[in-house]
Structure formats: C-alpha cells, structure tokens
Amino acid sequence: MEALGVLGADGPAIGFPRIETERLVLRGPTEADLPHMPRVFNDPEIYAYTRNIPYPYGEADAVAALSRYWRLAAAGEALTLFPECRATGEMIGLVVLIMKPGGAEAELGYALGRAWWGKGYATEAASAAVGYAFASLGVDEVNAHAMVRNPASSRVLEKVGMRAVGIAEGLCKKDGEVFDAAGFAISRAAWEAR
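Sequential numbering of the sequence shown, starting at 1220, is according to the numbering used here.
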C-alpha cells in the first residue's frame, strides 16, 4: 500500500473530533484505514447510490481519498469522519459534512459498507454528525440529498429528523445517466426542538 508520507500516520495537524454514540465512534481518517477502505467501499451497490465513490475501488482510490479528506478538513471545506463499531473496532463507512460558502449551512453525506446496512448504523452516524454540525461547527442548517432510486437513504434522513424539501432534478450523474435526488433539510431550531 502506497504511503502518504509527509502527512504522517495520523494525518495533517488538524483536529478531527471524536464523537461517541451508543454503538459507534466517529473519528478522523488515518493511514491505518488504507487497507480497510477498499474492503468497505469496493461495492457496485455503494457506487450506484453515491456521487463520489468509484467502482472498482482499490488501493490507489483509498490513498487519493484519504489525501482529499485531510486537505478538505485542513481548508475547513469538509469534515469526513469514519464510523467504527465500538464492539469490534471495525471501520464501517464514512460520514461527511461539506461546508457551504458563508458557513451557515453544511451538506451531510454518508456511505456504509453493505455488511452494515439495515442495522441502524447510518441513522446513528448521520445523527451524530448533524448534532456535531450544530454544536461545534456553528451552522444554522444541515441539508442532504438521497437519490430517488434509493428510498432507504431517504428513510435514514427522515429518521435523523430532516424534512423533505423537494426533488433536485438531474443532480446525480453516473455512467452517462442522470438521476433525480430527494432534498432534505433540518434547521438548528428544529434539531433543538426534537
């Protein structure tokens, strides 16, 4: 596995948070994750339902992604965290908060390995990330999109407390095809009133 070298094993000199939930720990990505990332993300189903995870997903993709996660975090543009199971220590996916210009909004994204689908982990990780966005990043709204052809992702966002705000036509492009996405959002006031 190619090493990132200059940034060191723990990533750049930025502070990734550590967020603990009942079953998960969300923490910053490190070089130790490189061999695990292809095992989690190299799946045509994950590719089909995400905008930025390639398939096939190999070692070079993991190295490039890790470098991008660190660079975007250092620039304050996006915060990518890896949820891991507290019981096993396994890294099971990612959750990301992309900061919108002006800093008042963040966009939530997530992807979990197929072995962890249908167990509530996506809702738990997404909820933790949204809570962190309001408590620590100072945003006033968190929004997200789920491909219309992926109703399970829409259910996750609803369970997090987000409300549907409409359809973004043609938002997602994959292999020359264009797909619509359902938009969701939650305000700080709505989050605090839950």
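It is possible that some hints are incorrect.
Dumping the calculated DSS-like pairs for lysine-lysine here, alpha-carbon to alpha-carbon at most 25 Å [as the list claims (entries may be wrong)]:
{"#": "1", "residue 1": "K1319", "residue 2": "K1392"}
{"#": "2", "residue 1": "K1338", "residue 2": "K1392"}
{"#": "3", "residue 1": "K1319", "residue 2": "K1378"}
{"#": "4", "residue 1": "K1319", "residue 2": "K1393"}
Pair by pair, the computed Cβ-Cβ distance ranges are [to be verified]:
{"#": "5", "residue 1": "K1393", "residue 2": "G1308", "range": "30 to 36 Å"}
{"#": "6", "residue 1": "G1350", "residue 2": "Y1274", "range": "29 to 35 Å"}
{"#": "7", "residue 1": "N1271", "residue 2": "A1323", "range": "32 to 38 Å"}
{"#": "8", "residue 1": "G1380", "residue 2": "A1306", "range": "22 to 28 Å"}
{"#": "9", "residue 1": "G1308", "residue 2": "E1377", "range": "26 to 32 Å"}
{"#": "10", "residue 1": "Y1274", "residue 2": "A1323", "range": "18 to 24 Å"}
{"#": "11", "residue 1": "E1264", "residue 2": "G1234", "range": "17 to 23 Å"}
{"#": "12", "residue 1": "P1273", "residue 2": "A1251", "range": "31 to 37 Å"}
{"#": "13", "residue 1": "A1323", "residue 2": "R1270", "range": "20 to 26 Å"}
{"#": "14", "residue 1": "E1388", "residue 2": "E1411", "range": "20 to 26 Å"}
{"#": "15", "residue 1": "A1408", "residue 2": "G1295", "range": "20 to 26 Å"}
{"#": "16", "residue 1": "G1385", "residue 2": "C1304", "range": "32 to 38 Å"}
{"#": "17", "residue 1": "K1319", "residue 2": "G1380", "range": "31 to 37 Å"}
Keep in mind that the hints were calculated from the coordinates and are not lab data.
C-beta atoms are modelled at their ideal positions from N, C-alpha and C, and glycine is treated no differently.
Hint check results:
1. Between the alpha carbons of K1319 and K1392 the distance comes to roughly 21 Å, so the proposed pair stays at or under 25 Å and holds.
2. With a CA separation close to 28 Å, the supplied pair K1338 and K1392 exceeds the 25 Å bound.
3. Distance check on the hinted pair: K1319 and K1378 sit about 23 Å apart at the alpha-carbon level, within 25 Å; holds.
4. For the given pair, K1319 sits about 23 Å from K1393 by alpha-carbon distance, which is consistent with the 25 Å threshold.
5. The hinted window of 30 to 36 Å between K1393 and G1308 holds, with their beta carbons roughly 33 Å apart.
6. Remark: the range hint 29 to 35 Å for G1350 to Y1274 is upheld by a beta-carbon distance near 31 Å.
7. At roughly 23 Å, the beta-carbon separation of N1271 and A1323 lies outside the given 32 to 38 Å, and the hint is violated.
8. Distance hint for G1380 and A1306: a CB-CB separation of about 26 Å, consistent with the stated range 22 to 28 Å.
9. Judged by the Cβ atoms, the range 26 to 32 Å given for G1308 and E1377 holds: they are separated by roughly 30 Å.
10. Judged by the Cβ atoms, the range 18 to 24 Å given for Y1274 and A1323 is violated: they are separated by roughly 34 Å.
11. For E1264 and G1234, the Cβ-Cβ distance of about 33 Å falls outside the hinted range of 17 to 23 Å, so the restraint is violated.
12. Under the hint 31 to 37 Å, the C-beta atoms of P1273 and A1251, about 22 Å apart, miss the expected range.
13. The hinted window of 20 to 26 Å between A1323 and R1270 holds, with their beta carbons roughly 23 Å apart.
14. Between E1388 and E1411 the beta carbons are some 32 Å apart, a value that contradicts the proposed interval 20 to 26 Å.
15. Distance hint check: the CB atoms of A1408 and G1295 are about 24 Å apart, consistent with the given range 20 to 26 Å.
16. At about 35 Å, the beta-carbon gap between G1385 and C1304 stays in the expected band of 32 to 38 Å.
17. Remark: the range hint 31 to 37 Å for K1319 to G1380 is contradicted by a beta-carbon distance near 19 Å.
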